[in-house]
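Colleague: As given, the protein sequences belong to chains A and B, one line each in that order.
Residues in the first sequence are numbered from 140 upward in steps of one, following our numbering.
Residues in the second sequence are numbered from 24 upward in steps of one, following our numbering.
If you're looking for bench data, these hints aren't it; they were derived computationally from the structure.
No more than 16 Å apart at the CA atoms, straight line, and that leaves these computed lysine to aspartate or glutamate pairs for EDC-like:
1) A:Lys176 to B:Asp207
2) A:Lys357 to B:Asp134
3) A:Lys177 to B:Asp207
4) B:Lys30 to B:Asp54
5) B:Lys87 to B:Glu60
6) B:Lys160 to B:Glu181
7) B:Lys25 to B:Glu60
8) B:Lys25 to B:Asp63
9) A:Lys177 to A:Glu210
Among chain B residues calculated to face chain A with C-beta under 10 Å, some are:
10) Asp134
11) Met135
12) Tyr164
13) Val165
Just so you know, even glycine gets a beta-carbon here, dropped at the ideal spot from N, CA and C.
Given next are the chains, with one letter for each unit.
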Amino acid sequence: MLAKRIIPCLDVKDGKTVKGVNFVNFRDAGDPVELGKKYSDDGADELVYLDITASHEGRKTFVDLVRRVAENVSIPFTVGGGINQVDDVEVLLNAGADKISVNSAALRNPDLIDGIANRFGNQVCVTAIDARMEGDEWVCYINGGRVSTGRKLIEWAHEAQERGAGEILFTSMNHDGVKTGFANEALAMLHDTLSIPIIASGGAGDYSHFYDVFTQGKADAALAASIFHFNEIPINELKQYLCRNNINVRI
Amino acid sequence: MKIAIIKYNAGNNFSVECALRRLGYEAIVTDDPNEIETADKVIFPGVGEARSAMRYLQQHGLDKVICNLRQPVLGICIGQQLMCKHSQEGDVDCLGIFDAEVKRFDAVDSDMKIPHMGWNTINIIKGGFIPKELNGKYVYYVHSYYVPVNEATIATTEYIVPYSAALHKDNFYATQFHPEKSGDIGEQILKSFIEL
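Bound conformation, chain A alone (with noise of 0.2 Å):
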């Protein structure tokens, strides 16, 4: 039976693991190789690094990172952060990453969806979706949270799944550091939408919230990052919670 994933998020900024409360005010969370192949043998099922270096040369330095991350790490890890093109992406594959993620160049060039798409095929194509709840709309954000774009949740990721996204990792920002639990109304109405897998994200706080994302949520896979980034939640013990509470998942 196909097991829910768990999967720590690790942002990094020139070489360095970050996370954003809000998306303002980082703080040092250690070394990326390092992190990943303890998450790795603690039983993450997956890795996702954002690179939120904006500069040329932290781009190298993120490109030399991930190929330390696949000469370390055996299992599958997700990059994303300023992939704006396709060639993008083929430098990021060629250094050992299994996928990649697009979120503001996707929305402001869908186009860009079809193209990894094509070229590398669906699975390959992770679309990361910031949107905050205004009302009673979902509304996609881009630029790291800072500029709302005005479309809406459920049809921006319907349309990034019929261009060739392979999955949605679907970031609240509402639920994003404030560690009460993710947006699982929002999310089950992704998954009965859509027929490709949901990552969630934004408000992991409490071993519950796990239970209740993949319960109530319907989520294919769970992400988050303070809380395993500074061993509030262990993933191993995590992982022996959900099992208990009959939550199909590797162990």
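Take the given structure of chain A and dock chain B to it, following the hints.
Modeller: Here is chain B on its own, set in the frame of chain A:
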């Protein structure tokens, strides 16, 4: 030991190379027929699309090279699919080593997402290169097409239908999952192939 990883347009060669290196083996990544034919073990990896991959193999004469190999050959993911007779992906004739038709998953309800992506368990049905003690263990999959159960099937996985997780016929071995991405379990399977 000389290990050749076949280089073509649907490769995740570097990941396979890294996994072998973690096991203490160096491999060469090559599309040179002579290098492939003289290797002790050949790995035919892949992430990609069947039709364009087959066209590339034919253009480079690698289709015949692969079919005529006598040493152990391991196909991975699309590598396994290309070793079958025909694929629905792009409606293309493949290498025909395994007598099977590659089919697309047909989702029956919204709980069955396609691609089949993530960790699923293997059920070993025949002795082969996958150690028996790995029965029931999780391995990593990413695919939208599958090889139905056939007489070469040595392990199955269930997703929508039970299908071929691994195949074996003569000197040809194949896995639909990615041993190079399946943690310790995957590394044990790769090691077992290398030590055949």
